[in-house]
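J.: Given next are the chains, with one letter for each unit.
Number of protein chains: 4
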Amino acid sequence: MDFQRLLDEIAHRLMHEAGREGAVASYIPALARVSGAHFGIALRTCEGEEASAGDGRLPFSIQSISKLFTLTLAMRHMSEDALWARIGREPSGNPFNSLVQLESEQGKPRNPFINAGAIAVADRLVGLYGADAKGELLAFMSHLAGEPIGFDHEVAASEAATGYRNYALANFMKSFGKLDHDVDTVLDFYFHQCALSMSALQLARTAGYLCRDGAHPCREGAQVVTERQARRINALMLTCGTYDAAGDVAFHIGLPCKSGVGGGIVAVVPDRLTLAVWSPALDATGNSLLGMKALALFAQRTGLSIF
Amino acid sequence: MDFQRLLDEIAHRLMHEAGREGAVASYIPALARVSGAHFGIALRTCEGEEASAGDGRLPFSIQSISKLFTLTLAMRHMSEDALWARIGREPSGNPFNSLVQLESEQGKPRNPFINAGAIAVADRLVGLYGADAKGELLAFMSHLAGEPIGFDHEVAASEAATGYRNYALANFMKSFGKLDHDVDTVLDFYFHQCALSMSALQLARTAGYLCRDGAHPCREGAQVVTERQARRINALMLTCGTYDAAGDVAFHIGLPCKSGVGGGIVAVVPDRLTLAVWSPALDATGNSLLGMKALALFAQRTGLSIF
Amino acid sequence: MDFQRLLDEIAHRLMHEAGREGAVASYIPALARVSGAHFGIALRTCEGEEASAGDGRLPFSIQSISKLFTLTLAMRHMSEDALWARIGREPSGNPFNSLVQLESEQGKPRNPFINAGAIAVADRLVGLYGADAKGELLAFMSHLAGEPIGFDHEVAASEAATGYRNYALANFMKSFGKLDHDVDTVLDFYFHQCALSMSALQLARTAGYLCRDGAHPCREGAQVVTERQARRINALMLTCGTYDAAGDVAFHIGLPCKSGVGGGIVAVVPDRLTLAVWSPALDATGNSLLGMKALALFAQRTGLSIF
Amino acid sequence: MDFQRLLDEIAHRLMHEAGREGAVASYIPALARVSGAHFGIALRTCEGEEASAGDGRLPFSIQSISKLFTLTLAMRHMSEDALWARIGREPSGNPFNSLVQLESEQGKPRNPFINAGAIAVADRLVGLYGADAKGELLAFMSHLAGEPIGFDHEVAASEAATGYRNYALANFMKSFGKLDHDVDTVLDFYFHQCALSMSALQLARTAGYLCRDGAHPCREGAQVVTERQARRINALMLTCGTYDAAGDVAFHIGLPCKSGVGGGIVAVVPDRLTLAVWSPALDATGNSLLGMKALALFAQRTGLSIF
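Residue numbers (our numbering), protein chains in the order written: chain U, 1 to 307; chain V, 308 to 614; chain W, 615 to 921; chain D, 922 to 1228.
Only chain U is shown next, with the shape it has when bound in the complex (with noise of 0.2 Å):
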């Protein structure tokens, strides 16, 4: 399959769409400045064959994209039990960053993509490195991508001075004892993660190793993580990766995704390629709302589905 051709003929028809519809994360200036009228898609295949469209090469902010990363550097380091022991892998059915199941759980988040569960998973690796986490952060990150990824520190200092969410949940789950470390100290982490200033082809390089049985996405011999640990790390994609819209997203486009409030979209396709588009306008769930169309589009053409 041409797939240079095929993604050139979606940002064709998409990129005049930018930002008529949806609208752009407001809840940080870093964020809301923006703008919505940016389109891109990348891909790399098992094989490592690229291409990329529109603004395919211009860096954003990840966001909520990052929860993949750490899942799987926590994965790397940790034993199944330790990880597992403090969050869950069900479905939320609540928006994402909902307090009210984290009650009714006693301060366990439903799964690591909600940000709960993202702080827990940060709390974890801050556990594992101390003052060395976000560097070890960028040495992962940049030892995927083959080239240094950076941090976006406006943007990890807007979420500081005003993340007062995030401060809700991290010290909720702090008072059932469901955090080790000094909730400053987590989110510090927890916000630079958020901020890791990437392009969706980098996304799509870094992500290779889920559609690779776990190999490292270029280095041949090199395995991220197991077989195994690819497959459900892409399971909680599929049924956690998407907000509230999993079930619709799973039901449309019938692929393992993860999204973030940057506006941008990782997909995976098992044992053939990854996937990464970005526009910034946001639909009602949180997703990127001319990512989920391309999503549709791609899989549409080309009939990938892991269904």
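Wrong hints could be hidden among the right ones.
[To be verified] List of simulated lysine-lysine pairs, DSS-like, C-alpha gap at most 30 Å:
(1) U/Lys-108 with W/Lys-722
(2) U/Lys-108 with D/Lys-1029
(3) V/Lys-415 with W/Lys-722
(4) U/Lys-108 with U/Lys-134
(5) D/Lys-1055 with D/Lys-1029
(6) W/Lys-722 with D/Lys-1214
(7) D/Lys-1029 with W/Lys-907
(8) V/Lys-415 with D/Lys-1029
If you're looking for bench data, these hints aren't it; they were derived computationally from the structure.
Take the given structure of chain U and dock chains V, W and D to it, following the hints.
T.: This is chains V, W and D only, laid out in the frame that chain U set:
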């Protein structure tokens, strides 16, 4: 792969555990009387190869597995818009018979595989077939199975006499104007669909269209549903098919599954096979305890997974 | 104090506002037909002085005000322990017909003045009186009122035909094993109690025992309930008598009140008088809009308050 | 009535039970260290008669009882509209520190006596007094008590170090734009108000305006609040003053009460007296176990009730 040998091995390993842990569903006498000491397993490949082991040919009450088939029947005969206007497609994040979400969503069930959602589907089928609805369901099931399928009338009567929770759900939806037909008529159909009596082998055969892109399990050239519809049903099974354990099942087993409190589970490996297991003792999530163990063993031994 | 003059004044001031704001309950045709343009008020002092103004002598459907009298009847004939084993005494913090709390408290209603709680009381009275329950209720009401009180059978039939929410509540409680009797029998009683037809003056008279330390409203020497029981009923009225507005009513009016969706409200000034108002148009909390205004005026003009 | 004799009798009867049942609040070390074996009781009549027994003159941490006084202070200096724009007046139907209702009501606390509500009041007082807020509170308390009242700084520091739930509540409200001031500043004030150290006798004296139609407890001619405001505070105490037990306290005791996790309770008999009890061991609802027993005995022996 020698599937017969594999099923024999799984049955051999699990049969002696049957009934040791977990508890048979006790909310109606007709189910409570079933011995927990059964274990059956069966599969059918896309090409028509069949295998079964243990009690794989013994009929049992398929209960919520029927939701798969009534949804399929509704999808065959109704427009997408008409069908999904009153039913969501999201995991519930709450136990299968919860009224809480039904209240916050004004009588619109989260998905077609929780009781409320299946009652909404039943309402649609009653609208479609009127007094013939039960007969049409039997005809459809028998057509798929290639042999006559019937109701266990004692089970249906038992549900009608004591199914207060379902009466509550149906009346609650009716109070929101979300049921077109009479509560008693709709529930009579619903209680009968749950009382369908089938063996694991019959289930594997009947669900065959789900691994064959919608094609009839055995009659060449006949489509039960379109390829796209078959994929969508599989997606719903994965995200919503095993009550509040869907995330964990996707994580550990990696296959679309639909379970019932009678102890049955149907699983689909797209483009390969359908698998059915039966063991009446349930775990805390309401899924068959040994059934889940059997699926995990099968997935592990074959390496089959959608992820 | 010249109560007749005060009621005339209040009626004069409010009657021309009747029906301008708010909305008559529309969930059953028999109630929806009532004109919103009514306003009636009446009182009876401990010493037996009576006054009424406006439509104070016109009968209307007392609806939930009946919960006051069925609770009283149950308290007369049952032990404290037996009565309160299945009913709480706490404000609900949720709309009056919510199923959410009923679920989290396993079918035990929060208090006897929400629908679920009154259905639980009805179940107890059906247990006490069997087939005579409706007759016993009429006898009790007539005994208190000093004249025959009857049901509006059209209203009762209308509720039975369309009261899906109440069927849902009753079946839900039944599913938790919290109703002893048949759902239909219990609801037949409940729908009739709600359909009691009385005027504001009759209500003020009938509820007279609540301001007389439990003594019969007009027969000297006869106790309806003990002094302690009368106080407890008043306490329940204050904390739970006006649905989700109880806190606000205590704050603004300062008197124990019980309201109904027919537009009636009964208020008690312990050791002084009982007051009843009626105006069918309801506010957003389901309480009579002008009825609440009338109570506020009365409290302000007389300075009467329990606080 | 010989109040001194009555309090002696109650103290005599309950003191030997002190600490046998219930559990001292343990969420901060400074409270956990207090012996459960204390029991104190004190009252002050409208006319200025005082009585106390047991440990009625020993200071303790008044905790949530302080919410009564900060609300009073806010009512003195703010318009009704400004004060109640961000705080409801309804019982919560949920434990005192629940975040669930705060979420469904978009950061507006149900009433000023749950933690979230008191934090909202604290935010208002910080707005009114700025850096002087703590000093103004002490001045107000001392003015009412007729003697200097101070903070237990160890308790305040302990709350600040471990009050994660309150940090969660405050950040959550802040995320909804419902706090004007800095979370840390507001909570510093809140933790200090909870750490006010007073004896039962001081509390009975200080709260005296609540039984005197708002008049200063001992200075003739001075109004603390208006008569109407005093009644409204009493109404809020009755409906919301004892966490999730308010309905039961109204039912069994029949007096407006405000309790704290330090084991204190203040009760008001309008136009007669204020009563304060203290015993650190708490029941399951977070109220002082012996304190409630003492109030029930007092109500029973005196026949005093608002109903």
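J.: Each hint needs a verdict: does it hold in this structure or not?
T.: Each hint tested on the structure:
1. Of the supplied pair hints, the one linking U/Lys-108 and W/Lys-722 holds, its CA atoms being roughly 27 Å apart against a limit of 30 Å.
2. Proximity of U/Lys-108 to D/Lys-1029 is assessed by CA-CA distance (about 25 Å); at most 30 Å being required, the pair is judged to hold.
3. Only pairs whose Cα atoms come within 30 Å are accepted, and V/Lys-415 paired with W/Lys-722 is accepted, the gap being roughly 25 Å.
4. Proposed proximity of U/Lys-108 and U/Lys-134 is supported: the alpha carbons are some 24 Å apart, at most 30 Å.
5. Among the hinted pairs, D/Lys-1055 with D/Lys-1029 is consistent with the structure: their alpha-carbon atoms are about 24 Å apart, no more than 30 Å.
6. Taking the CA atoms of W/Lys-722 and D/Lys-1214, the gap is about 26 Å. The hint holds against a cut of 30 Å.
7. The straight-line distance between the Cα atoms of D/Lys-1029 and W/Lys-907 is roughly 25 Å, inside the 30 Å bound, and the hint therefore holds.
8. Between the alpha carbons of V/Lys-415 and D/Lys-1029 the distance comes to roughly 27 Å, so the proposed pair stays at or under 30 Å and holds.
The structure meets every hint from the earlier list without exception.
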